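2 protein chains.
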Amino acid sequence: MKIYDWHIAPNPRRLHIYVAEKGLNIPLVEVGTDKLTLSDEYKAKYPHAMVPMLELDDGTCIGEAMAIARYLEALYPDPPLFGTDPKDRAIVDMWEKRVNEEGMLAASELFRNTAPTFADRGLPGSAEPIPQIPELTKRALERMNRFFNKFDGQLADKPFVAGERYTVADITTLCAIDFGKWTDLDIPEDCKNLRRWYDDVSARPSAKV
Amino acid sequence: MKIYDWHIAPNPRRLHIYVAEKGLNIPLVEVGTDKLTLSDEYKAKYPHAMVPMLELDDGTCIGEAMAIARYLEALYPDPPLFGTDPKDRAIVDMWEKRVNEEGMLAASELFRNTAPTFADRGLPGSAEPIPQIPELTKRALERMNRFFNKFDGQLADKPFVAGERYTVADITTLCAIDFGKWTDLDIPEDCKNLRRWYDDVSARPSAKV
Numbered sequence: 114m115k116i117y118d119w120h121i122a123p124n125p126r127r128l129h130i131y132v133a134e135k136g137l138n139i140p141l142v143e144v145g146t147d148k149l150t151l152s153d154e155y156k157a158k159y160p161h162a163m164v165p166m167l168e169l170d171d172g173t174c175i176g177e178a179m180a181i182a183r184y185l186e187a188l189y190p191d192p193p194l195f196g197t198d199p200k201d202r203a204i205v206d207m208w209e210k211r212v213n214e215e216g217m218l219a220a221s222e223l224f225r226n227t228a229p230t231f232a233d234r235g236l237p238g239s240a241e242p243i244p245q246i247p248e249l250t251k252r253a254l255e256r257m258n259r260f261f262n263k264f265d266g267q268l269a270d271k272p273f274v275a276g277e278r279y280t281v282a283d284i285t286t287l288c289a290i291d292f293g294k295w296t297d298l299d300i301p302e303d304c305k306n307l308r309r310w311y312d313d314v315s316a317r318p319s320a321k322v
Numbered sequence: 114m115k116i117y118d119w120h121i122a123p124n125p126r127r128l129h130i131y132v133a134e135k136g137l138n139i140p141l142v143e144v145g146t147d148k149l150t151l152s153d154e155y156k157a158k159y160p161h162a163m164v165p166m167l168e169l170d171d172g173t174c175i176g177e178a179m180a181i182a183r184y185l186e187a188l189y190p191d192p193p194l195f196g197t198d199p200k201d202r203a204i205v206d207m208w209e210k211r212v213n214e215e216g217m218l219a220a221s222e223l224f225r226n227t228a229p230t231f232a233d234r235g236l237p238g239s240a241e242p243i244p245q246i247p248e249l250t251k252r253a254l255e256r257m258n259r260f261f262n263k264f265d266g267q268l269a270d271k272p273f274v275a276g277e278r279y280t281v282a283d284i285t286t287l288c289a290i291d292f293g294k295w296t297d298l299d300i301p302e303d304c305k306n307l308r309r310w311y312d313d314v315s316a317r318p319s320a321k322v
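Chains A and B are the protein sequences, given in the same order.
Each position in the first sequence, counted from 1, maps to that position plus 113 in the numbering used here.
Each position in the second sequence, counted from 1, maps to that position plus 113 in the numbering used here.
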């Protein structure tokens, strides 16, 4: 198997961190170009036109960072990063979905609707131009603020987002916060629990990949 | 266990259909009000303020329709609605995530930013007013159009969204399309594969719940 990757992008990073935490070694194929686009060759091969994508030896293409990670979890269960029993797995799944919709997608909305390099790329994965909507800037900032505060509350009495163990919910949260930094947005000063957690998970070797 | 439900809403419907397909019987607690809001009592109990939510007998609250469904899948594996082996499960997971982000969230964006009854409720789950953004109407329509066409293509040579079997990817796709109808949007005439599939899955008894 191999991973089609755009090394600087936030969604591929979710998978980089997952793979590092598992201690796996899966070949990467870089498909980003120096024009901040995916290569034409990749888009022809994979019209969904997003990264990361895992190609199996039989040619099956699996997209979506967390669908790939869950597939790898079935093959390599230790250490468990999706929870340990049905209830724990449900809590991890719930928090990972929340941070994806409330953090990752908000950070993406903010970046794509403000960055001059992404003019006409207001949404991912589209071949047609999608104009930026400046009115989304304020809303995306509000979304990010709600995300910061909700997750700060969640971390008030827990070491990790989904409880006692490091999981994929932490991976997506870290990637969402670091994606926010692309638009100079940082964790508010008064979100002390989230800041403590951020320092902890950022210090893990997996965060460096 | 019991499910906190807002019976008319699209995300709870994903779980209704899942539960019906599994043949389960789980008590429902209606928490929608006739003002098209969640009850104050529910929001006080569950500040995340979204539905559906599964409460376990030990008081654990699990949110997010598909996190709940996956939890139920672990308890009641037959018939399998999340795939049958790691690769098949990954393909189901990928398509379910796609339809959630490209269909459900697009339909939600369209509805919340146009419906007069949802003025100041541009996003779900917020206690503060979130003004509608009229510019999102056009973009959301484009998103829905891309969604219809992508899924029409996917269904050209397959009976169901993720392949040979009915799965949660079909459930979310059905709910996204029917959510689009809230804003008078229907499957384009030329999306014949998607229309054929829609008629098939809408005829299942589970679609009536």
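There may be inaccurate statements among the hints.
In this list, chains with the same sequence are indistinguishable; a pair is considered to hold if it fits within one copy or across any two.
Unchecked claim - Derived DSSO-like pairs: lysine-lysine, alpha-carbon spacing no greater than 30 Å straight-line:
| id | residue 1 | residue 2 |
| --- | --- | --- |
| 1 | K263 | K210 |
| 2 | K148 | K271 |
| 3 | K200 | K158 |
| 4 | K251 | K305 |
| 5 | K200 | K251 |
| 6 | K158 | K135 |
| 7 | K210 | K271 |
| 8 | K251 | K115 |
| 9 | K200 | K294 |
These aren't lab readings, by the way, just hints derived from the structure by calculation.
Please read all numbers here as calculations on a predicted model, not as lab measurements.
Results for each hint:
1. In this assembly of identical chains, K263 and K210 lie within 30 Å of each other by CA distance both inside one copy and across copies; the values are 14 Å within and 23 Å between.
2. Taking the shortest Cα distances, K148 and K271 never come within 30 Å of each other, neither inside one copy (42 Å) nor across copies (36 Å).
3. In this assembly of identical chains, K200 and K158 lie within 30 Å of each other by CA distance solely across copies; the values are 20 Å between and 39 Å within a copy.
4. Proximity of K251 to K305 under the C-alpha cut-off of 30 Å is restricted to the intra-copy arrangement: shortest distance 24 Å within a copy versus 40 Å between copies.
5. In this assembly of identical chains, the alpha carbons of K200 and K251 never lie at most 30 Å apart, being 37 Å within a copy and 41 Å across copies at closest.
6. Taking the shortest Cα distances, K158 and K135 sit within 30 Å of each other inside one copy (28 Å), while across copies they are farther apart (37 Å).
7. In this homomeric assembly, K210 and K271 come within 30 Å of each other (Cα to Cα) both inside a single copy, at 18 Å, and across copies, at 28 Å.
8. For the identical chains of this complex, K251 and K115 are neighbours neither inside a copy (39 Å) nor across copies (38 Å), given an alpha-carbon limit of 30 Å.
9. With identical chains, the CA atoms of K200 and K294 are never at most 30 Å apart, being 33 Å at best within one copy and 35 Å at best between copies.
Comparing the model with each earlier hint shows violations of hints 2, 5, 8, 9; every other hint is respected.
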